[in-house]
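Undergrad: Now for the letters of each chain:
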Amino acid sequence: MAPRFVIASLAGLALLLATTAAINAAVDPFQQYRIPSYPARFYHAYQRYENPGIARHYAFDRAIVASSFFENISGSEVDRAFGRGKTMNLCESAMSPYDARMLIDTALEGGRVKEVIYGVDYPAFAIDADRPGVGESLPLFMYDTRRWNDYPYLLSLVTLHRSLEIIAGWAGEGYRTDPDSPWYWADGVEFSARRVLDGLDPDNINFRYQQVQRNVPAMMASFEANVVPVARDHPGTQFIFVWPPYSVVAWIDLVQRDQLDVSLEFKKRFVEAMSRYPNVRIYDFQERTDWIGDLDNYRDIYHFSPAISSQLVRDIAAGRDRLTPENVDARNAEMRRIATTADLARIMAEARAKPR
Amino acid sequence: MLFNSYEFLLFFLPVVTAGYFLAHGLDSRLRGNDSRPLFPNLWLVAASFFFYAWWRAEYLWLLVVSITVNFFVGRAIVHRWAQGLNSRGLLVAGIAFDLLLLGYFKYANFFIANVSQLLGVAPLHLDVILPIGISFFTFTQIAFLVDASKGKAQEPDAVNYSLFVTYFPHLLAGPILHHREMMPQFADPTNKRVDWDNVARGLLLLAIGLGKKVLVADTLAQQVAQGFESFYPLGFADAWLVILCYTMQIYFDFSGYTDMALGMALMMNIRLPRNFDSPYRQRNLQEFWRHWHMTLTRFLRDYVYIPLGGNRRGEAWTACAIVITFLLGGLWHGANWTFVAWGLMNGVGLALLRFWPRAGIRLPAFVAWAITFAFVNLAWVLFRAPDLSTAGWFFKSLTGGRGFQGPRLDWPYYTLAVLGIACVLAALPRNSNRIAAETKLAWPWQVATALLLAGGILSLGNPTEFLYFNF
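Here the protein sequences come in this chain order: A and B.
Per numbering that gives the first Met the number 0, residue 0 is the first one in the first sequence, and the count goes up by one each step.
Per numbering that gives the first Met the number 0, residue 0 is the first one in the second sequence, and the count goes up by one each step.
To be clear, the hints were calculated from the coordinates, so they are not data collected in a lab.
Computed from a predicted structure; not experimentally measured.
Honestly, I wouldn't trust all of these hints.
Across the chosen pairs, the derived CB separations fall in these ranges [what the hints assert, rightly or not]:
#1 B:Q221 / A:M0: 37 to 43 Å
#2 A:A25 / B:R28: 45 to 51 Å
#3 A:A220 / B:A315: 54 to 60 Å
#4 B:F354 / A:A44: 51 to 57 Å
#5 B:A315 / A:A44: 56 to 62 Å
#6 B:V120 / A:Q209: 27 to 33 Å
#7 A:D179 / B:G460: 26 to 32 Å
#8 A:D179 / B:A112: 50 to 56 Å
#9 A:P35 / B:R30: 20 to 26 Å
#10 A:A25 / B:L59: 37 to 43 Å
#11 A:D202 / B:V120: 27 to 33 Å
Built from N, CA and C at the ideal position, the CB exists for glycine as well.
All chains should be modelled from the sequences, with the hints used to inform the complete structure.
TA: This is the structure in structure tokens:
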């Protein structure tokens, strides 16, 4: 009885595991092995699983690598603005510098990618240099081309669930099917001052966002470990670093938390360090008062609308708002002036006075 | 290496188990059938060091040094005891070494931070990583030294001693072994042969434990994290649901880990002591502690409470000894005032319980169970909260201090179903140990074993640590 129990149990286990792995390998819902013959599904919840496969299999020569604030940029609008090339959006929500480095290294392996638009998300530099931006660990087995270590992908109920949805044609979990804008999230999202300010504690903006305090040495450690190597090790690739336009309320928050100096000092050191590399250009949209002062452009104090994204892309292509070692002090001084003179009470009163 | 990882379940465990029995064949061929086992034990020691090094190879030295020092101190104590000489100095030195090691790696920063706060100076922070399992292998060896000094323990064989400390099923999170129950098993040559009944029942227990951890505890963990990390204070119903989730999470997590440990050891014919026996069915706090983390309770009783005087010095001192024992037990779980408060709460509860019979009130069974279960739930708030202020706002929500609102958090039906199933399973008298020991190995359990193992393995995509690795 006992030997039969052991053999039958283990045989049943082996059968279940093998069947699951076979289905997952054949359907490949996260595009790890190929661009699928069925309409590809881009699952927002599994960006860190899908992006490495997308980076390897899709044909493009320009990549957008950034956090959620660049997710609404479509590849085709970048192509139109630049007048050349084929762009793929490889953004990931809460992308840390470590996430970005791992993904850029994967995307640049084949030598096809000639340009990377890299969104610099200031809060992400608070995370340790070797940590992804989300709580779970990065699925590193998806970032290499070895098949033997893919068992967490193939032996997974989450993957099986997605595979069965695709086989059966069910809608299932939220996804998009357009490779031109795989991570777009602005559909049905309200961009308004009222939404930005609703429930915000004017004396403690960070109560809602729970951002941790940062310091320049720790941020520079992540910068040195994750940003410098990608530019240094890929001299044949152009890197366009972009400082995104957070709303003015985000800057008031930095003032409230005594973090303004840290932010500006980090930007200065970043620019000076990257000036060594001829394949690097930097753009800074943080002092654009026409954008950051109008909270109707925002969903929250950080995330701006697709209209701003599109204009930002056109301005990069046109070479506007370049940030250089020569102008960084002046731009920082302007940013300091904007942040320290902004009147949150007035901003909130104006937002309340607007008709619904 | 985590039990709930692909590497462990698909590679390490099958290879080590098969290698263990193959090593027996080699042992029998080269050294005879009845000889004291060498190769199987050497194999297990090597596998256990590999298992530990998988976490951080650079911390292997700590385990090696701890074992070496304790082995030689233990041997010297046994030698002096055999000659009728006093070994108290050696015992004190050995225990001091163990406590210093534990103190440095686990409590140094906590101590420095609190002293600095008292003195009003900026705290110095030591760059120390807590080595996993250090509390467990330290306690195991302290018990050995104490018993060696009383002539109750001896182990002249370095391989057997190393195996007793490092045996991988218990190394990281217990159960806390007692040399008396382990040494004879490691030395018994008949234990090195395949016993199919043990393999089958061990496999069943392993499957149940994996299912408890991956399918139940990890599901509830997400809701618990959402509750404790909420930016806004929880309402009344949410707070009670969250803490009920945690009550079930910690039980299914820790008892699931223990079931896996017992199951894989049983496959190798080693019987580890039970650690849980339906604790949430108990009707008073004392019974709860006799059925929860039983090997820790046993250790605290034998090596802290009884040496403090136990119940031999009158009621008042007995109560004090209980509180002190549980304060230390709380601190053993972690360097945080929340654990101290948790230990204090349990200690005071147990001390008061001793005086309860004098009241002459006999509670109906259900009322006694409900009070005990509610007390345990409230105590878990201190155990889970990252600091006392978080525990404070949680207690305020639990007691209606913010009103008596209904649920406002997002409670998926799946999570509520798992919570309901967990509550029912925890209330059943037939727990996993009894199922594995008593059940007839018929086809329904074959199917259940295959499904639980497959469901567990296929849910490992994002492995989470067992809670007790941190202690």
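Undergrad: Please go over all the hints and tell whether each is borne out by the structure.
TA: Hint-by-hint comparison with the structure:
no.	hint	in the structure
1	B:Q221 / A:M0: 37 to 43 Å	holds, 40 Å
2	A:A25 / B:R28: 45 to 51 Å	holds, 47 Å
3	A:A220 / B:A315: 54 to 60 Å	holds, 56 Å
4	B:F354 / A:A44: 51 to 57 Å	holds, 55 Å
5	B:A315 / A:A44: 56 to 62 Å	holds, 59 Å
6	B:V120 / A:Q209: 27 to 33 Å	holds, 29 Å
7	A:D179 / B:G460: 26 to 32 Å	holds, 29 Å
8	A:D179 / B:A112: 50 to 56 Å	holds, 53 Å
9	A:P35 / B:R30: 20 to 26 Å	violated, 59 Å
10	A:A25 / B:L59: 37 to 43 Å	holds, 42 Å
11	A:D202 / B:V120: 27 to 33 Å	holds, 31 Å
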